[in-house]
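Note that the protein sequences, when read in sequence, are chains A and B. Letter by letter, the first sequence follows residues 310 to 777 in the working numbering. Letter by letter, the second sequence follows residues 310 to 777 in the working numbering.
There may be inaccurate statements among the hints.
As the list makes no split between identical chains, a pair holds if one copy fits it or if it spans any two.
[What the hints assert, rightly or not] Calculated cross-link-like contacts (lysine-lysine; reagent style DSS-like; alpha-carbon spacing at most 30 Å):
(1) Lys597 x Lys585
(2) Lys724 x Lys775
(3) Lys597 x Lys737
(4) Lys469 x Lys737
(5) Lys775 x Lys524
(6) Lys340 x Lys657
(7) Lys775 x Lys585
(8) Lys657 x Lys553
(9) Lys724 x Lys597
(10) Lys524 x Lys547
(11) Lys650 x Lys568
(12) Lys382 x Lys433
(13) Lys548 x Lys373
(14) Lys537 x Lys597
(15) Lys568 x Lys724
By construction, these hints were calculated from the structure, which means they are not laboratory data.
Protein chains: 2
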Amino acid sequence: MKNERATYMSLDRMVNPRSVAVIGASENPEKIGHIILSNNISFGFGGKIYPVNINAGDSMMGLKAYRSVLDIKAPIDLAVIAVPAEVVVQVLDECGRAGVASAIVVSGGFAEVGNVELQDRLTKTALKYSMPVMGPNCLGVIDPRSRVDTLFLPSFKLDKPSIGGVSFVSQSGAVGSTVLDMIDSEGFGLARFFSYGNAAVIDEVDILNYLMRDKETRVVIFYIEGVKRGREFIEVAKKISRVKPVVIIKGGMTEAGAKAAHSHTAALSGSSEAYKTVFRQFGLVEAKDIKDLLNFGKIFETQPHIVGDRIAVITNGGGTGVLVTDAICNNGLRLAELSEKTKKGLRKIMPSIVNIALPLDMAGDADAKRYDEALQAVCSDENVDAVIAVALFQTPGADSRVVSTLVKHGTLGEKPLVVISMGGSYTKAHKTMIESGGVPVYESPDDAAASLAALIRYSRYVHDQKTR
Amino acid sequence: MKNERATYMSLDRMVNPRSVAVIGASENPEKIGHIILSNNISFGFGGKIYPVNINAGDSMMGLKAYRSVLDIKAPIDLAVIAVPAEVVVQVLDECGRAGVASAIVVSGGFAEVGNVELQDRLTKTALKYSMPVMGPNCLGVIDPRSRVDTLFLPSFKLDKPSIGGVSFVSQSGAVGSTVLDMIDSEGFGLARFFSYGNAAVIDEVDILNYLMRDKETRVVIFYIEGVKRGREFIEVAKKISRVKPVVIIKGGMTEAGAKAAHSHTAALSGSSEAYKTVFRQFGLVEAKDIKDLLNFGKIFETQPHIVGDRIAVITNGGGTGVLVTDAICNNGLRLAELSEKTKKGLRKIMPSIVNIALPLDMAGDADAKRYDEALQAVCSDENVDAVIAVALFQTPGADSRVVSTLVKHGTLGEKPLVVISMGGSYTKAHKTMIESGGVPVYESPDDAAASLAALIRYSRYVHDQKTR
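Using the sequences plus the hints, can you model the full thing?
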């Protein structure tokens with residue numbers, strides 16, 4: 310879209326609509342129009358909902374139904390279009406005539422299957438009415454605040470995300486729905502979700518422009534297969550990464566992957582080296598695997614940015630401390646050296662069997678009090694930039710009081726604190742508690758160290774930009 | 310231990326004892342001896358249990374109690390010693406006089422805290438009676454078949470592993486208990502577990518010798534910090550990796566990590582390059598993170614060995630197919646090329662929108678029938694060595710019938726099949742079903758590809774050994 314301000318307003322309307330028309334709505338549970346309609350109702354969308362279907366009777370699922378969007382005669386912020394590809398353009402034209410503020414075309418059957426001409430007609434229709442259209446061939450949006458939900462996925466198959474500061478953008482609907490489904494169990498919350506499919510009108514540049522200004526968004530995580538407007542993408546990347554981190558995974562970074570991406574969204578994926586260079590040069594944080602999107606997303610959501618790389622490790626398991634130390638070094642970070650003052654203090658409070666050095670192995674009987682004292686000491690040491698606390702809940706001393714201690718120190722906001730807890734159901738329950746408290750928990754040493762390394766890499770980029 | 314045959318017999322007695330004496334048993338729930346005693350009872354150990362405590366009355370937790378192991382006057386296969394360090398040697402001597410077949414010294418306070426002399430006396434006492442002793446400073450064993458459990462960790466904090474073919478050996482108790490706790494949720498089963506601590510008597514060489522001959526063990530996963538008998542370790546590594554895979558993670562592979570390991574178990578950890586060379590040369594599969602132990606363990610437990618690296622990918626999500634293709638290439642594997650015959654067959658059965666090539670994107674409405682037909686086709690293609698099936702359960706078509714199909718093709722035993730399913734609670738429930746059926750499921754493209762690559766690397770090693 311040409312006008313940034315107008316696009317911002319209309320994307321804001323899309324995620325926060327006062328009224329939604331579901332075109333292609335149905336009472337037949339097999340139809341995607343039914344799923345979209347009932348998901349909005351069950352998710353608790355608070356605005357007006359207008360079911361639209363050319364064959365509709367007077368009502369549908371307890372709501373007044375319409376045969377055309379033109380019959381509604383009330384302002385429509387968002388039209389969700391889930392009708393066969395061949396009638397999409399006509400429906401979109403009606404939306405334009407009805408003055409609909411924004412539209413999402415969920416339907417597939419366009420450029421992704423070779424129907425380039427049909428997609429061009431869709432684009433022209435949208436531009437004719439200056440109507441911001443997302444899709445076609447996309448999932449659209451879900452918003453935990455306004456509770457709008459345009460996903461045509463059965464509600465029980467997907468864990469709904471809670472409210473938070475991470476926005477997730479995905480070109481692919483499949484990657485979109487799986488990551489979305491994982492956000493809740495990964496313990497962080499969602500700001501915005503956009504699955505934008507073929508990007509016939511609204512593309513990644515528009516969305517990044519919106520998220521840059523969006524106050525709810527503190528971090529962006531992003532799955533992309535290709536960029537259409539290269540220069541504009543670089544422009545917005547440069548601007549957004551100065552104000553908030555963008556963690557990005559690009560599908561098709563290998564030759565075989567690029568070929569697959571091309572046949573998937575018909576996007577020209579470009580050379581992987583060019584992408585890597587752009588990501589590095591303009592401060593985008595590259596993720597190498599889907600897991601990284603989630604791992605990096607949660608540290609950026611809650612932990613302060615730092616440029617130093619001296620990491621303190623405290624642990625209630627010696628072997629795990631060794632592996633975390635290896636992981637720190639393998640990820641280009643350094644194990645901190647405690648100051649003499651801190652060592653002296655720790656020697657007074659730790660049991661005599663504890664070797665006062667990093668990694669600080671507090672022994673298997675470490676309890677909340679010992680964690681508290683150790684965290685107090687290492688966090689206030691000026692030789693320490695960030696802390697990894699290993700909390701193995703299999704041990705006799707670790708219980709939910711350790712959770713309180715970790716949350717206390719992890720939310721002070723001065724130095725980043727991440728937790729490593731690995732295990733089965735007892736541990737997972739405690740992991741959830743810690744993450745609910747706003748402290749990221751990782752299930753492996755490498756995940757924790759890689760996430761801290763990403764945080765520091767990004768912080769240094771921002772720092773370098775400012776001091777230039 | 311010198312005598313391999315005797316060591317084999319005694320380790321077998323340790324994991325499969327007919328009678329266990331818990332020395333240091335107590336009715337006080339705070340005591341380690343209490344936890345060990347009650348864990349054996351609650352885990353359902355079927356043999357005789359003798360609580361022993363110098364201050365014992367006539368009975369303890371409903372069992373006849375003894376003041377000394379010498380009072381029992383019946384054969385004792387395993388003595389678990391959980392008494393203060395300073396009385397361990399005396400207790401061990403009594404075990405020797407009582408003719409105890411094997412002993413585990415759970416107590417800490419030996420070489421790991423600098424008491425080398427005390428540990429030497431322990432070793433001498435064990436050798437005096439030719440008694441195989443595990444520890445000190447260890448968790449000991451847990452066995453899901455005999456249901457012996459010497460771990461002093463509260464039962465509710467640790468998910469008990471079910472019966473399977475993976476044996477897990479850990480020098481560190483912390484790494485031991487966390488990985489053990491994860492085995493159940495990772496969907497595979499345990500053969501043997503040994504946490505051997507300071508290795509004063511029985512060491513990694515003895516344990517590998519045992520597991521090499523052990524019929525229940527199909528795969529070994531191993532956390533190690535250092536090796537004491539280098540030459541013997543290489544000997545046994547060479548022998549065992551010809552008959553079964555050993556996945557190994559070495560703590561202290563970085564300089565800082567090695568320093569931490571030294572202060573942890575006082576083991577000389579040696580140069581990481583030397584270890585890497587030994588691992589590679591003698592067919593041990595190196596894991597770089599704890600997750601790899603579990604990821605690799607489960608593919609080796611169930612999937613056939615192959616030397617070819619042409620991987621077919623089928624998926625119900627296009628973007629995920631792209632990422633899996635990238636992951637295959639990043640892990641040194643190749644995307645297979647389907648034969649003309651297979652393509653022709655697929656063209657007949659797949660919907661017209663499906664592009665007949667790998668990765669095969671079967672579209673978001675793929676159901677069990679489509680999975681079945683696709684798997685049938687790719688598995689029987691001679692250009693395909695192994696298959697990765699992406700099953701995204703957020704989609705309308707994927708349900709538990711897809712599980713049945715995946716299990717059917719994944720247990721035929723001709724070509725390896727691994728599944729990628731990522732998501733929240735609905736997906737995790739289906740992941741559990743698939744893994745119960747004997748097919749490994751991974752939660753990221755990279756985990757799946759890295760595990761297949763490990764399988765192929767090991768298979769090639771074995772193949773090269775045979776054809777030499």
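Okay, the hints, checked on the actual structure:
1. For the identical chains of this complex, lysine 597 and lysine 585 are neighbours both inside a copy (11 Å) and across copies (25 Å), given an alpha-carbon limit of 30 Å.
2. For the homomeric pair lysine 724 and lysine 775, the shortest alpha-carbon distance inside one copy (20 Å) is at most 30 Å, but the shortest distance between copies (55 Å) is not.
3. Taking the shortest Cα distances, lysine 597 and lysine 737 sit within 30 Å of each other both inside one copy (25 Å) and across copies (23 Å).
4. Taking the shortest alpha-carbon separations for lysine 469 and lysine 737, both the intra-copy value of 19 Å and the inter-copy value of 15 Å come in at or below 30 Å.
5. In the homo-oligomer, the alpha carbons of lysine 775 and lysine 524 lie at most 30 Å apart inside one protomer (21 Å), although the nearest pairing across protomers, at 64 Å, exceeds that limit.
6. Only between protomers do lysine 340 and lysine 657 lie at most 30 Å apart by alpha-carbon distance; the minimum there is 26 Å, versus 68 Å within a single protomer.
7. Taking CA atoms no more than 30 Å apart as the test, lysine 775 paired with lysine 585 passes inside one copy only; the shortest distance there is 22 Å, against 43 Å between copies.
8. Taking CA atoms no more than 30 Å apart as the test, lysine 657 paired with lysine 553 passes in neither setting, with 42 Å inside one copy and 49 Å between copies.
9. In this homomeric assembly, lysine 724 and lysine 597 come within 30 Å of each other (Cα to Cα) both inside a single copy, at 26 Å, and across copies, at 28 Å.
10. When the C-alpha separation of lysine 524 and lysine 547 is checked against a cutoff of 30 Å, the pair qualifies only within one copy, where the shortest distance is 18 Å, while the shortest distance between copies is 60 Å.
11. In the homo-oligomer, the alpha carbons of lysine 650 and lysine 568 lie at most 30 Å apart only across protomers (22 Å), although the nearest pairing inside one protomer, at 58 Å, exceeds that limit.
12. Taking CA atoms no more than 30 Å apart as the test, lysine 382 paired with lysine 433 passes inside one copy only; the shortest distance there is 25 Å, against 94 Å between copies.
13. Taking the shortest alpha-carbon separations for lysine 548 and lysine 373, neither the intra-copy value of 45 Å nor the inter-copy value of 76 Å comes in at or below 30 Å.
14. Only within a single protomer do lysine 537 and lysine 597 lie at most 30 Å apart by alpha-carbon distance; the minimum there is 22 Å, versus 38 Å between protomers.
15. For the homomeric pair lysine 568 and lysine 724, the shortest alpha-carbon distance between copies (25 Å) is at most 30 Å, but the shortest distance inside one copy (43 Å) is not.
Of the numbered hints listed earlier, those contradicted by the structure are 8 and 13.
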